[in-house]
Amino acid sequence: MNMDEELQDGRLRELARLLGAGAAERLDVERTAQAVVTRLRQQPRVMLGGWVWMQPAWLKIAAAIVLVLGAGLVTRGLLRERVPTAAVGAPLGEDLSDLTADQLRETVGALEQPFAEESPGGLDPGLESLNTAELRALLRTLES
Amino acid sequence: MPHAQSLAAADAALIAAWQGGDEQAAAELVRRHARALARFLGAAGAPDADLDDLVQETFIRAFRAVGRFRGQCQFRTWLLTIGGNVLKDAARRFGQVRVVPLDDELRSRDGDPHETAVAGETEGRLREGLERLPHMQREVFLLRAQQGLEYEEIAAALGTSPGAARVHYHHAVRRLKESLE
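Keeping their order, the protein sequence lines are chains A and B. Be aware that the first sequence starts at 1, since it is given in our numbering, and climbs by one per residue. Be aware that the second sequence starts at 1, since it is given in our numbering, and climbs by one per residue.
The hints are simulated quantities; they were obtained by calculation from the structure and are not laboratory data. None of the values given here were measured: they were computed from a predicted structure. Built from N, CA and C at the ideal position, the CB exists for glycine as well. Some hints could be false.
Under 10 Å between C-beta atoms, here's a sample of chain A residues computed to sit facing chain B [to be verified]:
hint	residue
1	Ala-23
2	Glu-30
3	Val-36
4	Val-37
5	Leu-99
6	Asp-102
Calculated from the model, a selection of chain B residues having no Cβ within reach of chain A, i.e. all distances over 12 Å [what the hints assert, rightly or not]:
hint	residue
7	Ala-12
8	Arg-35
9	Gly-163
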């Protein structure tokens, strides 16, 4: 059989018309119609609007922005809280008896820093005159 | 042409009724177009087992987006192009593997075993050829050859020009003939 002779455009169109015809005949149209109506009923009517069709994309973008901004704010907040605590809190957490007098003075100075910055007079001038035991007692007071 | 116009008017009335909340109008649109859609999807490569789901999904998408249908083409033509996209999405999700059954209509048309075998083989090759075509060529070919639509109508539905639709069709025919040789 010569394929070239058989497969003219008309023949091709005829074949194309027959493709899928059997499957289409087997389709239960009424059942399909009821299934479509049921699915439409289960979904909100607002979906008909054109702009709502874009909602999934908008929602994804909005969710991504919220996540990025939220993560940024949380990170910033944590860093702000952590810096002064790290600078001052570490020595206070350790045993004060291990510290020398100079280290104790330095720690007390660091603890008093915020107050000292507010008063132009600087650090308490009497700090230098305190001995080790007095410094430890002062630190414990500040710590509490 | 007057027949096509009356069909379009009936579809437009049903669409308006559906937009007004009439569910039975949606059901009637399904009844009017489901079989043509199934035939189009079947020819485009939809497996028999998935055909009902694909038809349903196409109608759901169409009803959701019907606000964007401006009557630039027949409702059925617009529906078929949505069906083509639904099928493309499904093929992407599940892979391109499909069973190619011999169409009952082709097999039972002729009692001659030789003719039946040739028809089945030809149909199989045509299906394979269609599957290898680019999406646009396949859609244009089926809209033209299977649904019998004019190039103007096809172009309006696919958002292209009639000339471009004609070129797609001729490329498709050439490639299909090659695959059948």
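Each hint, compared with the structure:
At a threshold of 10 Å, the smallest CB-CB gap from Ala-23/A to chain B is about 4 Å, leaving the interface hint in force. With 10 Å as the threshold, the beta carbon of Glu-30/A comes within range of chain B, its nearest partner Cβ sitting at about 7 Å, so the hint holds. With a least beta-carbon distance of about 5 Å to chain B, the hint placing Val-36/A at the interface is held under the 10 Å criterion. A distance limit of 10 Å between C-beta atoms decides the matter here; for Val-37/A the minimum to chain B is near 5 Å, and the interface restraint holds.
Nearest Cβ of chain B to the Cβ of Leu-99/A: about 67 Å, over the 10 Å cut. The hint is violated. The beta carbon of Asp-102/A comes no nearer than 71 Å to any beta carbon in chain B, farther than 10 Å, and the hint placing it at the interface is violated. For Ala-12/B, the shortest C-beta to C-beta distance to chain A comes to about 16 Å, beyond the 12 Å cut-off, and the non-interface label holds. Taking the minimum C-beta to C-beta distance to chain A, about 5 Å, the non-interface status of Arg-35/B is violated against the 12 Å cut.
The Cβ of Gly-163/B sits about 19 Å from the closest Cβ of chain A, beyond the 12 Å cut-off, so the non-interface label holds.
The structure fails to meet hints 5, 6 and 8 from the earlier list, while all remaining hints are met.
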